Amino acid sequence: MLSEKNINKILATALEGGADFAEIFFEDTKRNSISLENSKLERVKTGYDLGVGVRVITGDQVSYAYTDDLSIDSLLETARVAGSASQGEGGVTVANLMKQKPQLIHPVNIKPTTVDKKRKAKLVEAANGAARDYDENIRQVMVSYSDKNQRIMVANSEGLMIEDERTYTRMRVHAIASDGTQMQTGSENPGRQMGFELFDEYPPEKIGEEAARQAVTMLEADPAPSGKMPVVINNGFGGVLFHEACGHGLEADAVQKGASVFADKVGEQVASKLVTAVDDATVRNGWGSFGVDSEGNQAQRTVLIKDGVLQDYMYDKKSARKEGRQSTGNGRRNSYRSLPIPRMTNTFIEKGQSTPDEIVGAVDDGFYAKKLSGGQVEPTTGEFVFNVSEGYMIKNGSIARPVRGATLVGRGIDVLKKVSMVGNDLELAPGMCGKQGQSVPAGVGQPTLLIDEITVGGTERKGE
Amino acid sequence: MSDLDLNKWLSRAEELGADDVELYYQYSESNSIKVYQQEVDSLESATAKGLGVRVFVDQKMGFAYTSDFRDEALEEVIKEAVANAEVATADENRTLPQESYDYPELNIYNPDFESRNIEEKIDIAYQMEEEALDYDDKIKSVVNVNYGDSIYNVTIANSNGLEESYQSNSCYAYLSVIASEDGEDQTGFAVTYGRDLEELTPEETAQEAAQNAIKLLGGAAVESQSAPVVFTPEIGSMFMYVLSQSLTAEAVQKGRSLFAGKLNEQVAAENVNIIDDGTLEEGLATAPFDSEGVACQETEVIKDGKLKGYLYDTYTANKDETKSTGNASRGGYRGIPGVSSTNFYLDAGEKDKEEIIADIENGFYVQKVSGLVTGGANPISGEFSVGASGQWIEDGEIKGAVREITIAGNLIDFLQNIVELGNDLEFNPAIGSFASPTFKVEDLAISGK
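Each protein sequence line maps, in turn, to chains A and B.
With the UniProt record's numbering, letter number 357 in the first sequence gets 357, and the count goes up by one each step, no holes.
With the UniProt record's numbering, letter number 97 in the second sequence gets 97, and the count goes up by one each step, no holes.
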């Protein structure tokens with residue numbers, strides 16, 4: 001880490017051009033990963049990322065420079081580069097640094113760095129074995145284990161100085177099944193901000209079996225039909241739809257540029273009365289949680305939509321300054337190589353009253369999206385296309401035959417208004433969220449939801 | 001170029017237990033500028049360096065990287081790489097490249113670029129924003145205008161005696177705009193790139209983004225049907241991206257390619273030629289050698305519709321007892337080499353795009369797709385289903401915008417139904433280095449109303 005004396009020097013140098021604000025972000029990260037394919041441990045990798053980024057803000061303008069050379073000369077030069085691009089009126093000096101601590105610690109019982117590589121490899125092999133043993137039609141299994149320990153320090157010219165440590169552990173299994181004529185895939189990817197104890201909750205064998213089950217199930221599926229119909233979206237990773245199609249439109253940078261359908265709608269009914277949605281970095285051991293954000297703000301919970309009424313957006317420092325308000329603690333960054341931007345942490349729809357059985361039971365003729373995979377959204381309009389990796393038809397209130405190749409197409413804000421039942425089975429799931437080339441861990445989630453109507457795009461051809 | 005004594009660290013890795021070692025050193029200088037409403041919104045600049053260490057111990061491979069070049073850090077990263085190798089599964093095909101190569105002379109670095117100053121770069125972004133806003137009253141806002149550039153240097157050294165370097169540079173600018181009419185918003189995107197600022201076309205690119213947004217306004221859904229579909233180079237190149245992933249030997253050997261077992265079969269219409277060319281100077285994925293030091297080359301993947309070969313790195317080539325095609329790639333010093341395409345394209349035909357459209361009685365001209373490169377196509381089964389918008393063609397003429405439909409099918413049927421190829425080959429740098437001309441697919445499932 002850097003000494004207080006050097007931090008002061010670097011901040012003062014960054015302010016020499018006359019900027020309003022200067023900040024140092026220090027990062028020391030170690031990550032490990034082990035990947036298996038063809039039952040071979042192929043890629044075993046360790047990475048060290050150590051560096052410092054200096055950010056300077058003047059008015060609405062931000063400049064940023066970073067270096068991976070931690071000598072004081074290099075750090076001062078980095079501060080000069082950032083500061084020289086930001087010409088302001090001056091007069092701002094570095095306040096006395098006050099060391100603070102995160103109010104919330106996400107406990108880590110078994111630090112992954114203390115676990116032997118061979119033990120990690122064994123878990124990977126166990127997941128592979130379980131997936132392969134699940135069914136003879138399983139032809140290929142890919143497993144990856146990863147852990148990451150990220151220590152950060154943020155110090156700024158307002159006198160803030162705070163450290164945080166984040167530990168992530170995750171396993172991903174991708175299974176491919178084939179019956180000789182076609183192939184289908186399944187995947188299961190649990191991850192939390194915790195240590196090796198993740199596997200007490202998610203035994204690798206179970207992860208492998210679940211991925212295999214999805215792939216084998218979809219082998220028996222018919223092509224999905226096309227058309228508008230009621231859709232039930234399963235809990236957990238189903239929340240990725242809300243994240244992508246609504247969440248990004250609730251990030252303050254998009255709102256301020258008018259690039260969001262939610263702009264100027266605070267206080268308005270933007271969703272069905274059943275919908276309450278929050279962004280919550282305080283979820284204990286949540287995948288998208290932290291102690292402090294990448295600008296040094298304490299983790300917080302922000303209600304975005306309450307009973308269908310839009311309450312607030314997600315802010316980082318820059319977007320908050322623009323409106324003369326406080327950040328909501330959503331300033332996040334990929335690493336010291338990137339500027340912080342407003343990002344979701346764990347963003348989810350709150351649980352409701354209905355049981356999942358009641359929800360499916362309410363549908364005569366519709367579609368059940370049990371598992372979504374990737375998707376794409378036009379951020380400005382919230383128009384989305386999501387791929388359903390495990391889908392079923394619903395007939396007369398019960399789940400019927402599996403169907404494959406379905407996509408869900410629509411607009412986020414329309415879908416929110418069409419939510420007609422909300423389950424009592426809220427669950428969170430991990431994802432990696434990409435924005436402006438930066439990828440950060442983000443938790444998504446929801447209870448089981450009934451949407452009265454979404455367009456399902458399928459590959460079934462009429463008359464075939 | 002490197003300020004590290006690579007030979008010293010090669011020897012040290014051997015002392016620490018590696019049978020073979022490869023060091024991949026990368027140094028880069030980059031700038032990124034965003035403007036908003038004729039003000040600089042953010043300006044980022046960076047100098048970065050890093051070292052990727054790949055070791056082989058008893059035919060097992062281990063990898064580690066670091067950006068920390070202090071002696072004790074380098075010592076630790078090498079030890080980690082060796083410890084990682086010890087965990088991996090032994091595989092006789094895991095080797096360094098064994099041959100020596102003649103590397104092509106490539107013009108991929110423009111020294112003039114070094115003298116370009118930051119004001120000139122900011123100006124490009126300003127011009128783009130202004131031009132887009134002035135283009136039409138329907139342009140409501142310019143959401144993003146970004147300029148970026150990088151100069152980078154790569155050195156590979158290995159224990160077989162290789163030590164080679166190259167330097168390359170590129171610059172690019174892109175924007176996305178919103179067009180608005182009767183309460184409906186549509187976005188449009190366009191990008192320009194080159195190796196010097198004068199190769200960038202800020203005005204034309206801004207106009208293109210504006211047109212891309214405006215032409216989608218007023219779109220309606222159409223009835224579900226099967227119809228011919230015309231692809232723009234931008235969208236066609238996205239399909240090339242998807243296909244490229246199934247055409248690597250890695251995907252084939254691991255049973256995750258729809259092209260597995262189809263060598264020398266007719267997998268596409270006879271007029272279809274798909275080429276990977278790592279030596280194409282106008283491409284963005286061009287270099288004298290790949291990420292393992294193997295010379296880059298031109299590879300005909302599909303010729304006259306027949307599958308001629310796959311893309312190889314050293315490992316996959318060893319496995320198939322063939323030669324690497326110079327397609328080892330890694331995401332910078334932090335990545336383990338894998339196989340991927342370089343500049344990958346569907347070769348042009350002879351028709352003007354207007355002729356292709358004029359021949360269609362009833363069909364769809366797709367100008368925007370969503371979900372394709374994020375999992376909308378299954379590289380194994382070949383099934384794809386993507387959201388699309390564009391124009392409807394009737395009696396050879398463009399009738400009006402179409403939106404909220406999906407197009408779906410299978411990639412092999414798609415390739416076999418390419419019936420017309422345009423003469424307007426164009427690279428799409430937004431997703432890597434992929435290109436296609438305008439082309440027509442005879443019959444695809446469209447689901448709409």
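Treat the hints loosely; a few may be bogus.
[Stated by the list, open to error] Short, incomplete list of chain B residues facing chain A, as computed with Cβ under 10 angstroms:
#, residue
1, 34
2, 45
3, 374
4, 424
[Unchecked claim] Under the rule of at most 30 angstroms between Cα atoms (straight-line distance), these lysine-lysine pairs were calculated in the DSSO-like manner:
#, chain 1, residue 1, chain 2, residue 2
5, A, 148, B, 254
6, B, 34, A, 435
7, B, 140, A, 418
Quick caveat, the hints were computed from the structure, so don't treat them as lab data.
These figures come from a predicted structure and were not determined experimentally.
Quick reminder that beta carbons are idealized off the backbone N, C-alpha and C, glycines included.
Hints, one by one, checked against the model:
no.: 1; hint: 34; verdict: holds (9 angstroms)
no.: 2; hint: 45; verdict: holds (5 angstroms)
no.: 3; hint: 374; verdict: holds (4 angstroms)
no.: 4; hint: 424; verdict: violated (26 angstroms)
no.: 5; hint: 148(A) <-> 254(B); verdict: holds (28 angstroms)
no.: 6; hint: 34(B) <-> 435(A); verdict: holds (15 angstroms)
no.: 7; hint: 140(B) <-> 418(A); verdict: holds (29 angstroms)
In summary, the one numbered hint that this structure violates is 4.
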